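Chain residues, written in single-letter form:
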Amino acid sequence: MRTSVVGLGLVTLMLGHAAPAAGQWLVTDARRIGMGGLTLGRSGSAVRYNPAYRAVPAQADRRGQPKVTIPIPLGIIQFLHDHPDITNDPEFKPGSTGFNPVLVVNTILNLPLYYEVKKAPTPTNDVTLFIARDTLRVDLGQAAKLVPEDQFGISGSSRPLDPGIDIKGVRVGVMGWLHDDVGFQLDTTLLAFLHDSAYAQPNTPYGALVHGLVEGGFAPTISYAGRIAGDSAKGFYVGGAVHYYLGVGYFRTDGDASFITGNPIFAGANPVTPDGRTLTQYSRPGNTLGHGVGGDIGAAWVSGPIELGIGVNDIGATITWPDTRQDSAYFVRDTATNRDTSYSTLFHNHVTTTTKLPVSYIANLAYTVGMTTLGVDVLNTGRGATVHVGGEQRIGLWALRGGIARDQRKRVEFGWGGGLRLGGLGLDVGFWTHTNSLSNERAITMATSLSIY
Amino acid sequence: MNAKWLGVALAAGVAAGCGQGRAIFVVDIYSFLKGTNTDTLPYSGPVLPGVPDTIPVQTVNSLGLTSSIVDTVLLTGTISFVNRTDTGTVAFQVYFDSVANTVYTSAPAFGVTADVLPASTTDSSFSVNLPDALKPLFLASKVYVGIRASATPGGASSPAGPLQGTAKLTALQARIVVQDKIF
Numbered sequence: 001m002r003t004s005v006v007g008l009g010l011v012t013l014m015l016g017h018a019a020p021a022a023g024q025w026l027v028t029d030a031r032r033i034g035m036g037g038l039t040l041g042r043s044g045s046a047v048r049y050n051p052a053y054r055a056v057p058a059q060a061d062r063r064g065q066p067k068v069t070i071p072i073p074l075g076i077i078q079f080l081h082d083h084p085d086i087t088n089d090p091e092f093k094p095g096s097t098g099f100n101p102v103l104v105v106n107t108i109l110n111l112p113l114y115y116e117v118k119k120a121p122t123p124t125n126d127v128t129l130f131i132a133r134d135t136l137r138v139d140l141g142q143a144a145k146l147v148p149e150d151q152f153g154i155s156g157s158s159r160p161l162d163p164g165i166d167i168k169g170v171r172v173g174v175m176g177w178l179h180d181d182v183g184f185q186l187d188t189t190l191l192a193f194l195h196d197s198a199y200a201q202p203n204t205p206y207g208a209l210v211h212g213l214v215e216g217g218f219a220p221t222i223s224y225a226g227r228i229a230g231d232s233a234k235g236f237y238v239g240g241a242v243h244y245y246l247g248v249g250y251f252r253t254d255g256d257a258s259f260i261t262g263n264p265i266f267a268g269a270n271p272v273t274p275d276g277r278t279l280t281q282y283s284r285p286g287n288t289l290g291h292g293v294g295g296d297i298g299a300a301w302v303s304g305p306i307e308l309g310i311g312v313n314d315i316g317a318t319i320t321w322p323d324t325r326q327d328s329a330y331f332v333r334d335t336a337t338n339r340d341t342s343y344s345t346l347f348h349n350h351v352t353t354t355t356k357l358p359v360s361y362i363a364n365l366a367y368t369v370g371m372t373t374l375g376v377d378v379l380n381t382g383r384g385a386t387v388h389v390g391g392e393q394r395i396g397l398w399a400l401r402g403g404i405a406r407d408q409r410k411r412v413e414f415g416w417g418g419g420l421r422l423g424g425l426g427l428d429v430g431f432w433t434h435t436n437s438l439s440n441e442r443a444i445t446m447a448t449s450l451s452i453y
Numbered sequence: 001m002n003a004k005w006l007g008v009a010l011a012a013g014v015a016a017g018c019g020q021g022r023a024i025f026v027v028d029i030y031s032f033l034k035g036t037n038t039d040t041l042p043y044s045g046p047v048l049p050g051v052p053d054t055i056p057v058q059t060v061n062s063l064g065l066t067s068s069i070v071d072t073v074l075l076t077g078t079i080s081f082v083n084r085t086d087t088g089t090v091a092f093q094v095y096f097d098s099v100a101n102t103v104y105t106s107a108p109a110f111g112v113t114a115d116v117l118p119a120s121t122t123d124s125s126f127s128v129n130l131p132d133a134l135k136p137l138f139l140a141s142k143v144y145v146g147i148r149a150s151a152t153p154g155g156a157s158s159p160a161g162p163l164q165g166t167a168k169l170t171a172l173q174a175r176i177v178v179q180d181k182i183f
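Residue numbers (our numbering), protein chains in the order written: chain A, 1 to 453; chain B, 1 to 183.
Quick caveat, the hints were computed from the structure, so don't treat them as lab data.
This one's a predicted model, so the numbers in the text were calculated from it and none came from an experiment.
A few of these clues could be false.
Mimicking DSSO-like on lysine-lysine, the simulated pairs with C-alpha atoms at most 30 Å apart in a straight line are [what the hints assert, rightly or not]: (1) A:Lys234 / A:Lys168; (2) A:Lys67 / A:Lys168; (3) A:Lys93 / B:Lys34; (4) A:Lys356 / A:Lys145; (5) A:Lys119 / A:Lys356; (6) A:Lys93 / B:Lys135.
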């Protein structure tokens, strides 16, 4: 019991707070963190989401960008100091009386790569559950604010491999692709019960809509990136790619999970009865491959101190899966035995279904004059846009940086930092506020990295 | 009670609250007794033949968190002794057990006594911390509850009684603080 409840609780909370975390996990550059996550030039997300950037010169000197950035993982040292024997650490062992689920979730949401200068305080209030014969109410106190009111979840669309041959701007290759999307939305009754401490009503379902999807495959791709006007100092670049997606496998489930209260709630043997129903659809690896066509387009304009780019990925990328099995899955209480049971039944087999890759887009603007670089970017990977605004001022050997960001949950975060460059080697430090932890207050992370110019 | 699904009701938020805070469960035992009309018990001293001085054992659905450790169980409530005849002392005893058949064979969890007067109502409030031995009872999914009322006549004019009336429970609540992380 303990494990299952822990699991659901943690997953729920983690999903609710994971969306903004995804972006930060991938940032290993203290410079970028110091500028609030800003993407500049060919760094960060620009090349990934804007095919035109493949043709844009790096211009490393102009923006003080290093050739290589090596993160210094002070957070790992901190973590190992605090938890020298994690395998036997009671705080990480479910079932132990010292098990701390909040610590586990926060560790997952904030992988300890960087040093956590200020940890977000977790709610320390008492949680009270009221039980009477015809009453059930929970008071989560301050923790109720952590219960997500809107649809929440995590999703990602990545291209882990992209080998190919590039000849005069035309590139032929095979791209690996992976898409995952997990969503959750509490229904109004469960939301009121948890968030507003409303009394549970008898004979009423309390639940959540659940959705999960993972799919992957490879895509033969032909693309082009090149400058169609101007020169290296002032030019207009375009890029485009056409992918023929081949799906190796996918799994999707959509349904609802709830419990139904008794009437009166606690008068009978079963105050609450579980009720879960989902439609699962999958095409295993080895089945007929899925297929679909999609494309990317992008453009970048570089004019002296100004650089402007926009890119859109996976346009029209609908994957058709010709050999899908569909099952109806249930988790209910067996009225004969009064035990919880799960089972699934075949709904359809060998049917055609479709999935759709999310359209991602990026827009970025950078302005460099003298030793100053300012920039802004907007990135949307399918679950809301993130906005980064930041800049860097280089003064001799030193660099000062600052930035502000709005994450996928529309929370404002701040970044600041600096760097010291000695010849071909630089040391950068960046600070970034975040609200990835199980808390409504910001934490502050310090990132450190070495740069090779 | 199926505690697993009670836990599910909480799961989406409670884990955060339990990180450093305590989990507190408030069980309104009175509501279970009132629902079966066993919140009222006549008393008589001396005991009248054939008239029980106890209520039928009642079942209260509780937590079902047997792997947890209870810190405290605080019982609070109020009893009204509606006395009809004579003067004396009425004792009201509450029993808890994990087995229905042995509720009245064990010692009472706590008791309340009150001096009563003829044709008058005496209200007695109580607040009792359960002893350690009884705390784990409230972690089970069911707790069996019994009540006994006994009367001892003490009036100078009629020392042999009968002292008669009705003990009415008007509130009985258990506040259970769980020591460890329940989720």
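How the hints compare with the structure:
Distance restraint check for Lys234 of chain A and Lys168 of chain A: the Cα-Cα separation of roughly 20 Å lies within the 30 Å cut-off, and the hinted pair is therefore satisfied. For the given pair, Lys67 of chain A sits about 23 Å from Lys168 of chain A by alpha-carbon distance, which is consistent with the 30 Å threshold. Only pairs whose Cα atoms come within 30 Å are accepted, and Lys93 of chain A paired with Lys34 of chain B is rejected, the gap being roughly 43 Å. Distance hint between Lys356 of chain A and Lys145 of chain A is unfulfilled; the C-alpha atoms sit about 33 Å from each other, more than 30 Å.
Of the pairs offered as hints, the one joining Lys119 of chain A and Lys356 of chain A is violated, with about 38 Å between alpha carbons and a cut-off of 30 Å exceeded. Simply put, Lys93 of chain A and Lys135 of chain B have alpha-carbon atoms about 26 Å apart, close enough for the 30 Å limit, and the pair holds.
Hints 3, 4 and 5 from the list above are not met by this structure, while the remaining hints are.
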